[in-house]
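> Note that the protein sequences, when read in sequence, are chains A and B. Counting in the numbering used here, the first sequence runs from 55 upward without gaps. Counting in the numbering used here, the second sequence runs from 482 upward without gaps.
The hints are simulated quantities; they were obtained by calculation from the structure and are not laboratory data. Source: prediction; values computed, not measured. C-beta: ideal position from N, C-alpha, C; glycine also. Hints are all accurate, no fakes.
Label pairs and their calculated CB-CB ranges:
no., chain 1, residue 1, chain 2, residue 2, range
1, B, K623, A, Y219, 15 to 25 Å
2, A, Y204, B, E882, 50 to 60 Å
3, A, L88, B, H814, 50 to 60 Å
The calculated lysine to aspartate or glutamate pairs, modelled on EDC-like cross-linking and capped at a C-alpha distance of 16 Å, are:
no., chain 1, residue 1, chain 2, residue 2
4, B, K623, B, D576
5, B, K929, B, D742
6, B, K748, B, D902
7, A, K224, B, D588
8, B, K918, B, E867
9, B, K929, B, D902
10, A, K239, B, E571
11, A, K239, B, E882
12, A, K304, B, D576
13, B, K572, A, D237
14, B, K623, A, E307
15, B, K622, A, E307
16, A, K242, B, E571
17, B, K849, B, E860
18, B, K624, A, D237
19, A, K304, B, E627
20, B, K624, A, E307
21, A, K224, B, D599
22, B, K572, B, E632
23, A, K164, A, D249
24, B, K918, B, E941
25, A, K239, B, D576
26, A, K224, B, E589
Below, a sample of chain B positions facing chain A; criterion: calculated Cβ distance under 7 Å:
no., residue
27, V558
28, H577
29, L578
30, G596
31, I600
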Amino acid sequence: MNKNVLNIIKLISLPIILYLFFSISASGFGMHSLPIVVSQSMIPTIMGLGLYLMMNADLMDLSMGARTVFAAIIGGIMAQKFGVAGLVAGCFIGGMAVALFMALLYRFIKIPAMVISLGIVLIFEVAGAKLVGSSGYLRITEAEYFIGSYPCNIIIVFAAAVFAYILYYKTRVGSYITAVGNDEKMCKNVGINADRIKFAAIALTGIFGSLSALLYICYSGSITAGTEMTSMSMVFRPIMCVILGRYMRKQVECMPLLIFIGGISITIIFNGFVALGFSEALQDIALGMFLIIILGSRVITQSFSTWKEAKGRA
Amino acid sequence: MENAKIILTAENMTKSFGITRALKGVPLQLKSGEVLGLIGENGSGKSTLTSIIAGIQPADAGEIRLNGAPYGAQSSVEACRQGICMILQEKATFDHLSVAQNIFVGDEKRFGRFGILDIKRMNREAEDILKSIGITGLEVKKKIAECSFEEGKLVELARAASTDPQILIVDETTTALSQNGRNILYRMMEKMKRENKSIIFISHDIDEMMEKCDRLMVLRDGDYIDTIGRGDFSAARIKKLMVGREIADNYYREDHTCSYDKEVVLKLEEVSTEHLHNINLELHRGEILGFSGLADSGMHDIGKAAFGAIRLSSGRVCDKDGETVKNPQAAMHKKIAYIGKNRDQESLFINSPIKDNISVASLKKLSKNTFIPPRKEREFVLEWAERLEVKMQDIDQYVMELSGGNKQKVALAKWLGFGADIFILDCPTRGIDIGVKASIYRLMENLKAQGKSILLISEEMPEVIGMSDRIIVLKDGVQSGEFERDETLSEHALINCMV
Ligand SMILES: Nc1ncnc2c1ncn2[C@@H]1O[C@H](COP(=O)(O)OP(=O)(O)OP(=O)(O)O)[C@@H](O)[C@H]1O
Ligand SMILES: [Mg+2]
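The following block holds chain A by itself, in its conformation from the complex (with noise of 0.2 Å):
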């Protein structure tokens, strides 16, 4: 037990080094930077926990991003006739229908997720945009707007958390998809049906999708519908969250507090560099070092302590 907590807090240490490292380096960054910081990393979180049940049941999906903005567009159009609780009702049923279709096209078609998730990407994009009309562009009111905002989207964000946990460490399904991503074969002679399997993890990500459409919505009470694949840009972060997430679960093994702060890491490091006046470019290029270092940082400290290891023999 003691060692967990251990772990947690040197875990927790990255953002906070991050944070500091900013602070003191750029002028822009600081204090005030903090409640930006967290309000911009809920939905790379949301997204990376329904993003983290594909990527165990060894599904790649592209699609999360383009599954937000349709998601948001059917809520933003619902409030305008039934206010909050068509927003919130209508990124349910969009999250949702999205994530089932989806789900239904892998089941039968059996060609990779990758692929079926940028078919996904080109259908929803156009179709929010013909939704959403010439203006490709939609308000909703503050009176509907603030369900999403702060403090409701951190509670919103820890409840899904709190409910990824359960899924992926409580349920039986949750179980099953972590088999599924290991070996599939195997699942047919323990009688796992991994085809239901993976279909049911795909199903299951419209959850998040919906909660991150809500959030996405909320958190400038306006959405654009954008088309020719430009939602894909979404998914980088949320992807980029689960990969450090999961090489932090050596330390510990619980996936939504890792995935969370691998999403605030992220976002302090867009934030700092965005603070430093990087150009995008250089943003890009920077965020590539960071993933390479940190997911390098054991092999590098291994062949420190060999190379420090040669020295004091010679």
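Assemble chain B with the ligands onto chain A, guided by the hints.
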């Protein structure tokens, strides 16, 4: 025993995979309270027959009756429900699930409602099961990925025990276990026998089979050959039935003298790892250096350390020029080959043809101006597949489709074909039938005669004693004894140093 009730009968079991006829009308009768041994060469159809009984795959034709009623389980879960459970030859645990989750996988329904599991209760019951079959010191929350290969197999034992089967099928499991693990399995089998339950037991170790089984059924190339009762057991007879011709009795080295060159080709200096403490040793040219010890003695780490495959906490491994062997690439460059105990999982591309698997380590040797002449590659692969008697359709067959022992042979062929100067062999004859075992021993002798050196790590004491020039016994990560090749050397002497 004689007139014990027959609980399972199979008749005319037939199964083909493409042109391979794995079973050609095989019958089987299992009495209650008996251990029925299934024996036959690699690829003779043992796993195929038993996996059909365990519901893992369907037969093409044939009829099975369980307790007199027609039986035809469509899946292993259904078979389990009807009281038939099988421990597979291949690994059957999920790396990223915990020990407890692996024990109860497929049977989680009892731990909760609406799909939400009571993990605490699951862990507790897992602990009870482990304890009941005598496994201690295995943390149920640990993930399989962090467990050793043997612990994974023990988890499969526990999984079988948790279903309390009427009939337990044990397919080639003992060679994956250390002596301690074997005792756990044997105790479990004895307990089942006392409860009048039955076991189908598969192993290539004839002594083990004669000791543990009440009857032995012999298969050869998918044909039923004969069944012999305990009273008629004799090693020579069994071997003859298996192979179809007389087999020489002693297949280990004939000479009884310890012989090797003075030149040291590999040296471990003060090597420590998680399981080893300050190991010093020298391997000489033309020497077969054997290692023996219990599962936790650290002997498997010796091989990995010598190959640069695990991190040393101190000390170093160096070659004949005094250069450090840092990692496996460097080791291969210095012509060191390592054949791990868990080779079928660690070193085979299951979804690739036999050809690619055997040639992959030797591509450099085979290539000519970066291109690899296909004819040369095929000849090379064929030569090694034949030397190890891999039973296959052709070299383009996928490794996935081979029988367990034949997968092992492919892994061996790959490294033997690589043509190293130093071979590190960890349990080289695991899962391999006696005929091919003999050819592997001849091959080792040939290598020795050519001045190559071998580190032989093995759970089988007769093998270590029969083949090694020198034997080092390990206990708790330190050297506890060293023996030279000698006619009078007995297993007893080694055991004394182990415990
Ligand atoms: N899925 C498969 N596809 C094609 N051929 C197969 C398949 N499974 C088994 N075979 C073939 O059937 C034959 C019998 O295999 P089986 O696994 O029953 O042998 P075995 O007696 O268990 O051998 P071993 O001692 O090596 O485990 C082999 O020639 C094998 O190549
Ligand atoms: Mg077999």
